[in-house]
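A.B. asks: Build out the structure end to end from the sequences listed, making use of the hints.
If you're matching them up, the sequences are chains A and B in order. Each residue of the first sequence is one higher than the one before, counting from 1 in our numbering. Each residue of the second sequence is one higher than the one before, counting from 292 in our numbering.
Take the hints with a grain of salt, since some may be wrong.
Interface residues of chain A toward chain B, partial, derived using beta-carbon atoms under 7 Å [as the list claims (entries may be wrong)]:
no.	residue
1	Leu54
2	Arg55
3	Leu171
4	Thr173
5	Leu176
6	Leu179
7	Pro182
8	Ile185
9	Ala186
10	Arg187
11	Ser234
12	Thr235
13	Phe236
By construction, these hints were calculated from the structure, which means they are not laboratory data. Note that CB positions come from ideal geometry on N, CA and C, so glycine has one too.
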Amino acid sequence: MEPSLFDIDTGTDMISSELSRVIELFQLPFMQRALISGVLTGLMGGMLGSFTILRQLSFFSDALGHSALLGISLGLLLGISPTGVLLPFSVVFALLVTYLLEKTQLWTDALLNVIYSSSLAIAVITLSFVGQYKGGLNNLLFGDILAVRQADLVFSIVLLVICTVFIGLTLRTQMLISLHEPLAIARGISVSAHRTAFIVLLSLVVGISIKAIGVLLISAFVVIPSCAARLLSSTFTQYVVLSATIGAVSAVLGMLLSAWFNLPSGPSIVVTQLTIFLGTIAFPRRRLRAS
Amino acid sequence: MLTVENLTVHRDLYPAVQDVSFSLEAGMDAAIVGPNGAGKSTLVQAILGILPRQAGEVFVLGEPLGRSGQLPGQVRQQIAYLPQNFLFDRRIPITVEELVGLGWEPLGLRWPWTDSRQRFLAIQQALARVDGAYLRSYPISALSGGELKRVLLAYCLVRPRRLLILDEALAGLDIRSESEFYQLLCQLKREQGWAILQISHDLDMVRRHCDRVLCLNRTLRCQGVPEVALAPDSLAAAYGTEFVRYRHRH
Chain A
1 MEPSLFDIDT GTDMISSELS RVIELFQLPF MQRALISGVL TGLMGGMLGS FTILRQLSFF
61 SDALGHSALL GISLGLLLGI SPTGVLLPFS VVFALLVTYL LEKTQLWTDA LLNVIYSSSL
121 AIAVITLSFV GQYKGGLNNL LFGDILAVRQ ADLVFSIVLL VICTVFIGLT LRTQMLISLH
181 EPLAIARGIS VSAHRTAFIV LLSLVVGISI KAIGVLLISA FVVIPSCAAR LLSSTFTQYV
241 VLSATIGAVS AVLGMLLSAW FNLPSGPSIV VTQLTIFLGT IAFPRRRLRA S
Chain B
292 MLTVENLTVH RDLYPAVQDV SFSLEAGMDA AIVGPNGAGK STLVQAILGI LPRQAGEVFV
352 LGEPLGRSGQ LPGQVRQQIA YLPQNFLFDR RIPITVEELV GLGWEPLGLR WPWTDSRQRF
412 LAIQQALARV DGAYLRSYPI SALSGGELKR VLLAYCLVRP RRLLILDEAL AGLDIRSESE
472 FYQLLCQLKR EQGWAILQIS HDLDMVRRHC DRVLCLNRTL RCQGVPEVAL APDSLAAAYG
532 TEFVRYRHRH
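C.D. replies: The following block contains the structure:
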């Protein structure tokens, strides 16, 4: 019996020393900023994501993420910092996409593919003119949540307030637009103005989060929590609130996971989202069945 | 109630509705009949401002419909529209209560909890009126065709309206549910004093229930009381002579 008691003792010791290491880590300002940034992105991504997937715009955040490389490379060519370029670029991209969607009447996913693969091509060509780019393409692709600055946080908080107020004040209008556009128009809702406002907001959320999460993973924050929330919810309001909550909770758990096992932060959050999503599939879906 | 003057609507470059004029008085139940592709849905969608029009004027409750479909909010509140085959994504998580609540909502900038008590009562009454109180917390994905139509009717009557525009409201129902739905609709029409403009394929039903018929085949071929507008000559003008001979044999 002695050896096993000894084992348990060492095990407990190891866990408590790991725990104190994680606690110490979260006392560092950059970790705290990373945690807050993750929660803010989770909340905004989840909230807007719930409408994004219903309107079949899931691919939009992915396309915007990829196209953002073009913005960043143009910024490098002109000597402007990536942060200065990202937000204006995202808004212009959003307006261009809505314009092209309405003008061409093509399928959303096909059109988004045209735009993002071509912007990626132009971005790579532009980067070849910049020459040696030492800023770290890797950081742009996968993000660096530990490098989040105070100013980024302030902007994220302002954006979260704007998103919450916008969705709060127009919740029922957004519901009707997601459910049936002609019905919404018959009620006098300017669907195209609402669509544009929503896409601009979504693109700002993606744009502000690219630095922390990276262009390749940002769409996970928009899509995975909403899909998980959809599987759990029966009412629309519950669905939107749950989606934002799952976004925030997975950011906290993911950061802990990353600190505990010393893993990259952004991917750890996405893996947590995935775990929650898989968990919801196992949850009994009594509300989804058609009688 | 509703006045349409020389309305022309194009779909792609072709006129789908041309030079149509008619008017609808309070309490009237008018049916638009005509073959497939005659422009019936196009006509009602242009009246509601869903489709842009190329020429003509539309007045709803005395107010002119703007070029891009604008109408004062007050007027919009008093119209209800049920689209043809209300096709929606069944994966959208929304309950019957939430859907009917959307009909009650003024839809401006409002917090979701504003007037929640009034909303709750209005939803309850509207659902009870269509014998659908038990459906309140159902997800709409779980409704049968007949239940969905009743819920949509509750969406219309959750707030007092003056004009109801139905685009083949009965499509997809079996004969029994169809006649039940019609009885309910007629009852509500009398109670609420609705004027109704509806698209229908069921000429017998139109004969029984409507007091005005518009025969449409791109242009308005004839209009009047059912006895006149559904007479063989008028039908031949809208549907073609083959159709009339067919109806007379059966």
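A.B. asks: All hints are to be evaluated individually against the structure, with a verdict given for each.
C.D. replies: Against the structure, the hints:
1. Leu54: holds (6 Å)
2. Arg55: Where the cut-off is 7 Å and the nearest Cβ of chain B is about 10 Å from Arg55/A, the hint is violated.
3. Leu171: holds (5 Å)
4. Thr173: holds (5 Å)
5. Leu176: holds (5 Å)
6. Leu179: holds (5 Å)
7. Pro182: It holds, given that the least Cβ distance between Pro182/A and chain B is near 5 Å, below 7 Å.
8. Ile185: Since the shortest Cβ distance to chain B is 5 Å, the answer is holds.
9. Ala186: For Ala186/A, the interface hint holds, since the closest Cβ of chain B sits about 4 Å away, which is under 7 Å.
10. Arg187: holds (6 Å)
11. Ser234: holds (6 Å)
12. Thr235: Holds, about 5 Å.
13. Phe236: At 5 Å from the nearest chain B Cβ, Phe236/A passes the 7 Å test, so the hint holds.
Hint check: a violation occurs at hint 2 only; the rest are consistent with the structure.
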